[in-house]
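Going down the list, the protein sequences come from chains A and B. If you read the first sequence in the numbering used here, its first letter stands for residue 1, the second for the next number, and so on. If you read the second sequence in the numbering used here, its first letter stands for residue 1001, the second for the next number, and so on.
The list that follows gives simulated cross-link-like pairs (lysine-lysine, BS3-like), each with its CA atoms no further than 25 Å apart: (1) A:K225 - B:K1148; (2) A:K29 - B:K1148; (3) A:K154 - B:K1249; (4) B:K1148 - B:K1160.
These are computed hints drawn from the structure, not numbers from a lab.
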Amino acid sequence: MKEPQIIVCAKQIPDPEAPFSDVTVNVEKKQVSVDAPDVISPYDENALEAAIRIKEELGGKITVLSMGRKVSDTVLRKTIAAGADSLVLLEDPLFEGLDSFSTAHVLSCAIKKIGDWDLVLTGRQAGDWDSGQVGLILGEMLDVACVSLARSIKIDDGKLLVEKTVPVGYEVVEAALPALVTVSNEVGELRYVARSKMLGLLRRPMTIPKWNSKDLGCDVERLRKLQLTELAPPADMGRECTLIEGSAEEQAERLAAVLAELR
Amino acid sequence: MSEILLLVEAKDGILDKKTLELMRGAKGLGSQLGVEANAVVVGSQTAQLAESAASFGLDKVYRLEHPLLEGFNADAWVGGLEWLCGQVKPGIFLMSHSFVGKEVGPRLACRLNTGLTTDCLNLRVDPEDGLLVRTKPIYGGNAIATVKCEGVPQMVTVRKNAFEPIDEAQTRSAIVDMAPGIAESSIRVKTIQTVEQEVVELDKANVVISGGRGIEAKEDFEMLEALAAALSGSHGNVMVGCSRPVVDKCWMSSDRQVGLTGTIISPDAYIAVGISGAIQHLVGMIRSKKIVAINTDPGCNMFKVADYGVVGDYRDIVPALVKKLEER
Ligand SMILES: Cc1cc2nc3c(=O)[nH]c(=O)nc-3n(C[C@H](O)[C@H](O)[C@H](O)COP(=O)(O)OP(=O)(O)OC[C@H]3O[C@@H](n4cnc5c(N)ncnc54)[C@H](O)[C@@H]3O)c2cc1C
Ligand SMILES: Nc1ncnc2c1ncn2[C@@H]1O[C@H](COP(=O)(O)O)[C@@H](O)[C@H]1O
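Required output: the full structure, derived from the provided sequences and hints.
Next up, the structure:
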């Protein structure tokens, strides 16, 4: 069988693990700002890890796609450092704030432009809006087999074998390639990339292709923005916390009393 | 506008609580808009399920029946529901934000050329444009967004507890048979093995004790098990849960994960051990009646949302606590 050509879709988002004291909700502007550096959405890192493991076994090539109004290659070069072969940025002012359907449309145009591919991986959901839609919609648009919530992915004898998480445990499913798979955290974290390697890579000159809506031949009529009508901060979750002090022994004694009360 | 449709989910023939909640939501919207509120049951033998779904006073229950709809194959279900929507042309289509809803929703929306909003907390109809106004948490729950989408049907998946479960009604719904054509060739993904694991239902527990990344070794979860055992005599159903890093390390299976992408629970008491209190975890347990936190870091977020806090190392506190409870 030929070596698999894998495409990983990776979204750049504000760090979803930033403490909520660093998150500001601007009700007037309907904007959330996070006082933390951008990262690759965590499940997309899981997807990349799954891709790299397939490549380690079977060879082939991994291309990372990221779309936005502006995407930072300093954030995304991490994918190359970890083991991807190339990175393509899909940038256009028109790509700002798109809804899931339009995002999938742009990604599908890029994938069709790349042409030679066997497997597309996305995260199960992006860590900013947690929609969990783009992957499956993209699969529909590409008209290929779609599998969601993968915890392990293998290509065996040209066939796709995925373990997917289901409510009763997991299922082993099979499909022909090409296919689209959405990846969950059970796959495992993206391998560690040494800081020195990352810094070296940032200094290395690299041509990173940037494609806009024209290059992609997107149907711009089809690009719709997400219609956000209101944004609000969440209800206050804080409670008055009684701290139980003393030695471990004393703390345990008092905590036991508290728990006994809670029956 | 035409009818409101909702997708029924059930386990072992018993309707899912989230479905009963959707039924109330659908009925409310239906009477507000003056349209029918209907439900669809999907499967290969749906007679009994349709009967149970018919006892809640909706207008109709469709039986979408086909041999390929047996169990749950997403390709078959998406195809069947696409066909049904072509027949009955619902104005609004509601699904639970469940395993099935998350899998079917986006694909069905794409086929019907409409938009979808997932994980909604609240729904209403804007009288001006007739669009469904959807409220959903974003940034893990750090903000609440209200959005609208064009397209018919207006489609959403709804988080549990958005509506009160519906009560049984006097009038029974009409049951309508629907036989979709589903081609064998449309099934692209085949299940070759189902591995059933022992699955816990954390949302059924009276007390949940969760360990986080602060737990140093897998064996240390035995301390939490011992605590669960010590409490279970007096506190009913006590279970051990965890935060996501514990699942990532494969120390626990994902059914034990509490949070946005795990289970959302509201037990009488929640004991968080070595969990910092990230927003994606908090949304899963913040509705617990009482929250107890054990953590070495006095500044951690979990103390801000807890009723009782113990600053200390779980390796000291938990065994001592077990001993005290056993002495009582
Ligand atoms: C899209 C998305 C979805 C997510 N969904 C979920 C979800 O459903 N559930 C979930 O839990 N997370 C989820 N997360 C991850 C979440 O953001 C946090 O990373 C995670 O909850 C952190 O887990 P933790 O508190 O156990 O670990 P940490 O944040 O690392 O906290 C460990 C804590 O242990 C304490 N500690 C260390 N040693 C000890 C000791 N000896 N004794 C006592 N305390 C000690 C530390 O002080 C610290 O507070 C999600 C993230 C994203 C982006
Ligand atoms: N702007 C984007 N660029 C690249 N990939 C994206 C983008 N938006 C979404 N995706 C992919 O689609 C997945 C699901 O996103 P969502 O439906 O927004 O939760 C993400 O995990 C990514 O893999």
